[in-house]
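Number of protein chains: 2
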Amino acid sequence: MMEIIKFAIPEIIFGKGSLNHAGQCTLRLGAKKVFLVSDKGIEAAGWLERLTDILKKEGIEWVFYTEVTSNPRDYQIERGAKRYLENNADVIIAIGGGSPMDTAKGIAILANNGGRIRDYEGANRVARPLPPMVLITTTAGSGSDISQFCIITDTERSVKMSIISRTLVPNISIVDPLILQTKSETLIIQSAVDAMAHAVEAYLSVIASPFTRMHSLKAIELIHSHLKSAVQTRSLDALEQLSIASVSASIAFSNASLGAEHALAHSLGGHFDLAHGTVHPILLAAVMRHNLDACTDKMADIGRIILGGQKGSDRRTALEGIDRLVEFFSGFPVSLRLRDEVGEEGRAFLDPIARMAMKDVCCLTNPKPLTHEALLNICEEVW
Amino acid sequence: MMEIIKFAIPEIIFGKGSLNHAGQCTLRLGAKKVFLVSDKGIEAAGWLERLTDILKKEGIEWVFYTEVTSNPRDYQIERGAKRYLENNADVIIAIGGGSPMDTAKGIAILANNGGRIRDYEGANRVARPLPPMVLITTTAGSGSDISQFCIITDTERSVKMSIISRTLVPNISIVDPLILQTKSETLIIQSAVDAMAHAVEAYLSVIASPFTRMHSLKAIELIHSHLKSAVQTRSLDALEQLSIASVSASIAFSNASLGAEHALAHSLGGHFDLAHGTVHPILLAAVMRHNLDACTDKMADIGRIILGGQKGSDRRTALEGIDRLVEFFSGFPVSLRLRDEVGEEGRAFLDPIARMAMKDVCCLTNPKPLTHEALLNICEEVW
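Those protein sequences? They're chains A and B, same order as listed.
Taking the numbering used here, I'd label the letters of the first sequence as residues 1128 to 1510.
Taking the numbering used here, I'd label the letters of the second sequence as residues 1128 to 1510.
Hints were generated in silico from the structure; no laboratory data involved.
You may find that some hints are simply not true.
Note that identical chains are pooled: a pair holds if it fits in a single copy or bridges any two copies.
[Stated by the list, open to error] Straight-line C-alpha distance at most 25 Å; calculated DSS-like pairs for lysine-lysine:
| id | residue 1 | residue 2 |
| --- | --- | --- |
| 1 | Lys1355 | Lys1209 |
| 2 | Lys1438 | Lys1310 |
| 3 | Lys1159 | Lys1133 |
| 4 | Lys1209 | Lys1159 |
| 5 | Lys1183 | Lys1438 |
| 6 | Lys1167 | Lys1495 |
| 7 | Lys1160 | Lys1486 |
| 8 | Lys1183 | Lys1495 |
| 9 | Lys1133 | Lys1183 |
| 10 | Lys1486 | Lys1159 |
| 11 | Lys1310 | Lys1495 |
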């Protein structure tokens, strides 16, 4: 018998050309002056101008904020909130990947709640409602446009903080697969493996529910089936399937949370300033093997999807599924060993990284209770 | 390649005891004085008092509106809106089945948009935002707590109007399976077959999307597996599974709409003032057979779930699935022929009923283009 399930997702506008709905959506939220968060890459690809043309048509003003880097930093959020308030903006739009969207969410928190962004680390620490948000994702992976999560780097501690709150679900998420066509192969792969990790960890989470599990399994199936062809052919059809997968994975993890893999990914990413997508092919299988005993049946569900059917016992199916997942990752130009990403000198930091990961709120929903030693062993195993 | 998909659901609080969250939820929406819509049955079962105790604890005032019947009528809505405005209420709560919830939605429309309720018949006719709504379902079927639909009887024309608008998705849906335990067997069955019809019609709808289809299939599977035991044992576990099914079916039909079966159900229900749940075991299989050629592959997906696997060709699987669905319905004390519900003298009205059904917005998403003759034939077939 289940406990109480809270399930929240934004209104989603999905499909090729859905960017064109941004103006109407923003107007509907009562916008007069939009605070528009983006980054240089999006601007260079022409999407920012496309968006401002759409806003212009609806008579909406905007002010730009493009001080966004990957792994957005606390001071960028704090400056952004100051700018938001100085400009009397009333709605926040972000267009970009996880970094601009998380920046927008962080700014929204501080604009209406004050203080420093680190005050909100953890679950349910945001008290007052946020300004309306429209998040337009340009990648198929981070899920920030759907989720209750916001990941910001605390630069003093060099750690990525997980901030989780229902109020971080934006009002409207716009997912336009046309935008993916201008993305690099690397970014498409990194986003898809992030979505795969979201789907798997949410499925195994101790607070997964019937409402999240079906979304996890759909995402795993779609990424496994379509990533290769999306990368090879850039067909809009395959990119659209990856976008569906990302939305599904995000619905799942936003409501079921994550586990040890993301706790480690945040800790590693914060310490080494790694692109988030690089760590999943390294960590995911090792974390799954670590968790296997605690959830063999669910791991076998995942195995059946990846293998296309049962292979002997549940345990065998689960293990072969994990092996096949590693095989799947190795078909792409990604690192499978940690040392290849952080360099030989990084090894000395594994102990503090495991220690920091233990504090991540994602650990709370891992299917198996975690210890510092266990997390360290996983890091050593994938070294 | 898909067109643009719009997907919206409320925040959902699900699980036994979730009713206890009603106070906090309402407070979060800024409530000072709640307009509380319910009916005599809910009051008699003690749930209304439970709810007002919860509101009292949060210091929230309320004013009652219990002028609610099954198949809620235009004048009940119009009187309710007047009461809402006179009382300066600021949030609407409904506790009950589809009737109180649809009454609440109708009142919300008129309170902020004025006019007569018939002005809003059809899709997307509601312009101004509605008062915040918390809908607490006490049945596992109508889906009004989740959906963009509101069904109100126009008493001048004796027809149930479908009003569909994104703004009719409430802010918060509370689904507490404990409440189902006080429901009659008849109501549990009628609600479940309504949810089954929602799931099937949404799955076959021409605007079904990957985001709705998985919810449809999950609902079909759960209702088929658990209705018998829910009725026989009243186990909370089985009732909870029916509630999950109802939420899933509602997410699906709210975003994919319905088809000929619901168009006929609305027309029949409006004319004869039938309980909505009585018509689905009569109509559903006949409408599925009518639509079969237009969507054999999808109908086979449904067949595989009901049959537990493929039986020969897709067409054979689909047909056997439909037969098995009829067998499933006939295991419950429900009518399978229309004459048993409306009496011999009702036959004379089938022609105008089919004509009225043709105007229902649900026809637009039926997998096969409809004609008056086709709808009449279906009515004759199930007579």
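Hints versus structure:
1. Lys1355 <-> Lys1209: neither (43 Å within a copy, 59 Å between copies)
2. Lys1438 <-> Lys1310: Neither: 37 Å inside a chain and 44 Å across chains, both beyond 25 Å.
3. Lys1159 <-> Lys1133: between (32 Å within a copy, 24 Å between copies)
4. Lys1209 <-> Lys1159: Classified as within: same-chain Cα gap 18 Å, cross-chain 32 Å, threshold 25 Å.
5. Lys1183 <-> Lys1438: The answer is neither: 57 Å in one copy and 57 Å across copies each exceed 25 Å.
6. Lys1167 <-> Lys1495: neither (41 Å within a copy, 48 Å between copies)
7. Lys1160 <-> Lys1486: Neither: 39 Å inside a chain and 42 Å across chains, both beyond 25 Å.
8. Lys1183 <-> Lys1495: Neither: 51 Å inside a copy, 41 Å across copies.
9. Lys1133 <-> Lys1183: between (37 Å within a copy, 23 Å between copies)
10. Lys1486 <-> Lys1159: neither (41 Å within a copy, 39 Å between copies)
11. Lys1310 <-> Lys1495: neither (37 Å within a copy, 39 Å between copies)
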